[in-house]
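Student: Could you build all of it, start to finish, from the sequences and the hints given here?
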Amino acid sequence: MTSYFTLIFLVVFLPLVLLAYAAVPKRLRGYVLLCASYFFAWCISGPRITFMLISTLCVYGIARAMDARIQKRDAQLAQVKKGKREIKASCKHQLNQLLVAGVMVNLGILIALNYLGFFGELATAALGLLGIHAHFEFPRIGAPIGISFYTLMAISYLVDVSRETIKADHHFGRLALFLSFFPHIMEGPIARYTQTATALWEGRDLSAQNSYRGMLRMAIGFAKKLLVADRLNLYVKTIFTDYASYDGGLIALGAVLYTLQLYCDFSGCMDVAIGLGQFFGAEYPENFRQPFFSRTTSEFWQRWHITLGQWFKDYVYYPVSLSKPVKRLTTKARKRFGNRYGPLLVSGIALFCVWLGNGLWHGAGSQYLFFGMYYFVLIWLGGFIEPNARAWAADHGIDRERGAYRVFRTVRTLMAVFVGELFFRAEGLEAGLAMFGKMLSNFSLASFADGTVFTLMSKADFAVALFFVAVVFIYDTAYERGFDVRKMIEEKGFVLRWAIWIAIVMTVVIFGAYGFGYVAVDPMYAQY
Amino acid sequence: MSETNNKRPSRLRGICAALAVVAVLLLALVVTSMIVEPKTNDSEYGLFDPATSGIRAEPADTIDVVVVGDSIALNGLAPLQTWHENGFTLFVCSTVAGKLPDGYTMLTRALERQHPKLVLIEAHPIFSEFTWDYALMSEAQTVFPVLRYHSRWRNLKAEDFTTRPQMTWHDERKGIRVEGEGVAVDQEALDNYMDDTGEVQTILPQNSLYLQRMVSLCESVGATPVIISVPSVVGWSKAHHEAMSAWANEHNVAFYDFNLVSPEEIGIDWSEDSKDGGEHFNVIGASKFSRYLAKVLKRDFDLPDHRGDKAYAEWEELYQSAD
Chain A
1 MTSYFTLIFL VVFLPLVLLA YAAVPKRLRG YVLLCASYFF AWCISGPRIT FMLISTLCVY
61 GIARAMDARI QKRDAQLAQV KKGKREIKAS CKHQLNQLLV AGVMVNLGIL IALNYLGFFG
121 ELATAALGLL GIHAHFEFPR IGAPIGISFY TLMAISYLVD VSRETIKADH HFGRLALFLS
181 FFPHIMEGPI ARYTQTATAL WEGRDLSAQN SYRGMLRMAI GFAKKLLVAD RLNLYVKTIF
241 TDYASYDGGL IALGAVLYTL QLYCDFSGCM DVAIGLGQFF GAEYPENFRQ PFFSRTTSEF
301 WQRWHITLGQ WFKDYVYYPV SLSKPVKRLT TKARKRFGNR YGPLLVSGIA LFCVWLGNGL
361 WHGAGSQYLF FGMYYFVLIW LGGFIEPNAR AWAADHGIDR ERGAYRVFRT VRTLMAVFVG
421 ELFFRAEGLE AGLAMFGKML SNFSLASFAD GTVFTLMSKA DFAVALFFVA VVFIYDTAYE
481 RGFDVRKMIE EKGFVLRWAI WIAIVMTVVI FGAYGFGYVA VDPMYAQY
Chain B
529 MSETNNKRPS RLRGICAALA VVAVLLLALV VTSMIVEPKT NDSEYGLFDP ATSGIRAEPA
589 DTIDVVVVGD SIALNGLAPL QTWHENGFTL FVCSTVAGKL PDGYTMLTRA LERQHPKLVL
649 IEAHPIFSEF TWDYALMSEA QTVFPVLRYH SRWRNLKAED FTTRPQMTWH DERKGIRVEG
709 EGVAVDQEAL DNYMDDTGEV QTILPQNSLY LQRMVSLCES VGATPVIISV PSVVGWSKAH
769 HEAMSAWANE HNVAFYDFNL VSPEEIGIDW SEDSKDGGEH FNVIGASKFS RYLAKVLKRD
829 FDLPDHRGDK AYAEWEELYQ SAD
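Residue numbers (my numbering), protein chains in the order written: chain A, 1 to 528; chain B, 529 to 851.
Be a bit skeptical, because a hint or two may be false.
Stated by the list, open to error - Now the in silico label distances, taken between C-beta atoms and shown as ranges:
#, chain 1, residue 1, chain 2, residue 2, range
1, A, S458, B, P693, 23 to 33 Å
2, B, V728, A, S458, 45 to 55 Å
3, A, G428, B, V559, 47 to 57 Å
4, A, H133, B, S773, 50 to 60 Å
5, B, D589, A, F454, 30 to 40 Å
6, B, L540, A, D74, 29 to 39 Å
7, B, L540, A, P285, 44 to 54 Å
8, A, L10, B, L547, 49 to 59 Å
Stated by the list, open to error - Here are the simulated lysine-lysine pairs, DSBU-like style, with alpha carbons at most 30 Å apart:
#, chain 1, residue 1, chain 2, residue 2
9, A, K92, A, K81
10, A, K438, A, K459
11, A, K84, A, K324
12, B, K567, B, K685
13, B, K685, A, K459
14, A, K459, B, K826
The hints are simulated quantities; they were obtained by calculation from the structure and are not laboratory data.
From the three backbone atoms N, C-alpha and C, an ideal C-beta is built for every residue, glycine too.
Tutor: Following this line, the structure appears as structure tokens:
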């Protein structure tokens with residue numbers, strides 16, 4: 001069992017978990033899910049899941065210590081009339097120390113398992129530039145599945161406990177399940193403690209309504225992945241591994257198709273994860289909100305991988321922006337550059353931290369660093385341009401939210417996204433730059449005219465992929481306009497709603513890109 | 529009390545509804561399977577690996593020895609020569625890189641119309657790793673061919689909707705696909721061939737399970753299962769032999785490791801009898817090995833001699849035309 005997209009998961013693992021969940025008393029259901037989650041992680045990562053257990057133990061212990069310190073502070077405050085500020089400050093100081101320790105342990109494990117090799121290469125290269133010949137090489141241990149996801153969830157939990165927005169969980173099982181629940185462990189969503197922990201541990205009864213919601217959501221996820229994403233892989237894989245053999249036109253199409261592949265793969269996995277959560281009464285946060293309708297790159301990242309963006313906003317952007325040195329700098333910048341540009345200039349510091357983290361979170365590689373810096377520059381510069389563009393449009397009587405200008409903004413954003421994804425998927429920064437260079441210098445439509453494009457993927461596969469991309473577009477358009485397609489189906493009568501579900505399943509069975517002639521593609525974000 | 533009574537019909541309704549949904553889904557899988565399933569046993573209708581299904585067109589109960597395995601078996605035998613020299617019929621049901629679940633499916637199909645005396649299970653795939661998911665998918669594809677042949681939607685013809693599969697294609701090579709010129713085996717590999725390093729290979733639980741299923745299947749139709757290991761310098765070692773011997777002893781199945789027989793005794797010249805430097809035989813190597821194998825089988829098992837029997841005339845004609 002390597003993912004949700006295996007037969008053994010669907011017809012053995014999931015039914016057994018559901019049966020066990022339904023069979024045991026309510027108070028034991030959380031334990032069933034916890035055992036199932038660790039078993040699922042074990043199947044994928046083997047003994048490396050020990051790191052997940054270590055992180056959980058660490059987070060549990062540190063949060064309990066924070067809780068004890070908070071209670072001590074409250075007791076002290078209740079007994080004194082003077083010196084309350086000192087008591088609070090002392091508590092705050094100790095909470096921060098505990099928080100730093102917890103974050104260091106969790107980030108330390110993540111860095112040790114995922115990034116040491118990369119940092120070793122960077123250090124070797126940096127020293128080489130200084131004329132020092134040293135070689136840093138670290139053993140590769142391998143990380144457990146989902147480490148990048150549960151680490152962020154663990155940090156968010158610790159920060160929230162230290163901020164006293166939530167109370168430390170005294171139940172180890174509930175916290176462990178929150179961090180390891182099998183639907184989210186592969187690719188997220190990056191849920192917050194308040195969103196899922198209690199609901200999962202409650203052991204809510206399975207219901208026909210929730211089961212249908214879950215199954216419909218899962219079927220849609222499978223459709224996105226197997227009808228579109230895995231089919232487009234035929235083209236994308238060839239173009240990105242052998243880009244030197246193809247012209248700029250085919251590479252440009254590769255960038256577009258990769259973006260669609262990633263969207264259908266990742267959002268499809270999210271549909272499956274959210275659907276699985278719905279079985280057990282847990283509502284995971286949405287991770288995508290029709291990102292291709294965005295008008296700016298900033299808006300794109302509010303609609304794409306939403307839970308990651310929200311995490312960076314809450315735990316990096318705001319803390320950096322609201323830190324004392326940055327606030328002081330903002331005040332100075334306001335005086336020097338005015339109220340419009342001063343804060344914008346300084347906001348670059350927090351934004352830089354966010355996009356450095358975002359880039360590195362995606363992987364240890366120069367292309368991911370570039371990817372992060374690419375969006376940092378686009379979004380930061382966008383902040384300077386946006387007020388001027390708005391003023392220019394107002395002066396010329398142009399409605400930026402409708403008509404041709406709206407289309408222009410969306411297309412411009414899409415172009416930026418396609419270029420970003422080209423670098424993201426490229427096999428190294430050098431390859432990304434070479435591909436981008438070919439797109440500009442060697443752009444040609446000849447390969448489309450002479451049929452070379454169909455040597456990369458057959459006409460039939462193009463036709464199926466484009467048809468289902470159109471279906472996804474219509475589906476997203478409906479949501480964008482406030483029409484909830486899934487809800488509409490869920491409210492239909494028994495026969496019709498199940499007929500729709502069976503139709504989706506059979507469409508996946510017949511037109512899915514699996515088996516002979518196709519290569520099974522693991523969920524793409526599971527590698528991060 | 530009344531609440532409990534209300535819940536019961538509701539739960540019963542729920543179970544009936546769930547069963548109805550499952551039944552409709554299964555029906556849809558069956559119907560689509562019937563449509564997309566290849567309608568002949570050759571590649572005309574998109575059948576994968578037609579070589580594995582040639583046996584299904586053979587007249588019933590005419591095959592004495594069935595061989596299952598992977599490319600080692602595909603390239604390692606000479607059925608028509610075996611016929612000509614010994615008078616028993618041997619058919620190879622193997623596929624390139626075949627795993628045991630594939631072998632089990634092929635054997636099941638082969639034994640639908642044949643009741644051979646012997647089933648030779650070539651040992652290389654026994655060490656070929658596969659996941660439980662692979663096995664499950666293989667079983668599901670057997671029950672619902674739409675899971676294997678779904679991509680045929682793009683080539684469907686009118687008769688796909690109206691006809692049932694017909695086994696019309698006779699494989700004149702009787703399952704083998706031997707080819708290639710001679711490529712000499714690396715001397716170092718030859719020097720280390722079958723050296724005793726003290727190691728023992730592992731037969732994974734899923735592999736062992738499928739091997740047991742194959743053995744049981746043979747026994748259920750009265751065929752004797754025999755494990756053989758075709759000589760292969762690159763793909764076999766003493767560690768494989770030890771593991772295979774232990775398994776065969778434990779399960780009371782005959783095991784012949786021809787890698788232990790000296791090349792001189794079989795007549796193999798590793799400088800020219802392999803097509804790829806020691807992993808697979810070429811035509812000459814397959815011919816030499818088949819001659820030796822047939823001698824062993826005739827010696828140890830009661831195999832018939834059909835030469836002169838008109839029902840088997842086609843075998844001699846094919847041998848003469850192939851010669």
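Student: So, for every hint listed, does it hold in this structure?
Tutor: Hints and how they fare:
1. Between S458(A) and P693(B) the beta carbon distance is about 26 Å. The supplied range of 23 to 33 Å therefore holds.
2. In this structure the hint that V728(B) and S458(A) lie 45 to 55 Å apart at CB holds, the actual value being about 47 Å.
3. At roughly 49 Å, the beta-carbon separation of G428(A) and V559(B) lies within the given 47 to 57 Å, and the hint holds.
4. Look at H133(A) against S773(B): about 54 Å separates their beta carbons, and that is inside 50 to 60 Å.
5. At roughly 48 Å, the beta-carbon separation of D589(B) and F454(A) lies outside the given 30 to 40 Å, and the hint is violated.
6. One distance hint, 29 to 39 Å for the beta-carbon pair L540(B) and D74(A), is violated here, with the actual separation near 54 Å.
7. At roughly 37 Å, the beta carbons of L540(B) and P285(A) sit outside the given window of 44 to 54 Å.
8. A hinted range of 49 to 59 Å is violated for the C-beta pair L10(A) and L547(B), which are about 18 Å apart.
9. A threshold of 30 Å between alpha carbons decides the hint, and for K92(A) with K81(A) the separation of about 19 Å falls inside it, so the pair holds.
10. Distance restraint check for K438(A) and K459(A): the Cα-Cα separation of roughly 25 Å lies within the 30 Å cut-off, and the hinted pair is therefore satisfied.
11. With a CA separation close to 23 Å, the supplied pair K84(A) and K324(A) stays within the 30 Å bound.
12. Under the criterion of a C-alpha separation no larger than 30 Å, the hint pairing K567(B) with K685(B) is consistent with the structure, at around 10 Å.
13. Only pairs whose Cα atoms come within 30 Å are accepted, and K685(B) paired with K459(A) is accepted, the gap being roughly 19 Å.
14. Distance restraint check for K459(A) and K826(B): the Cα-Cα separation of roughly 54 Å exceeds the 30 Å cut-off, and the hinted pair is therefore not satisfied.
This entry does not satisfy hints 5, 6, 7, 8, 14, going by the numbered hints stated previously.
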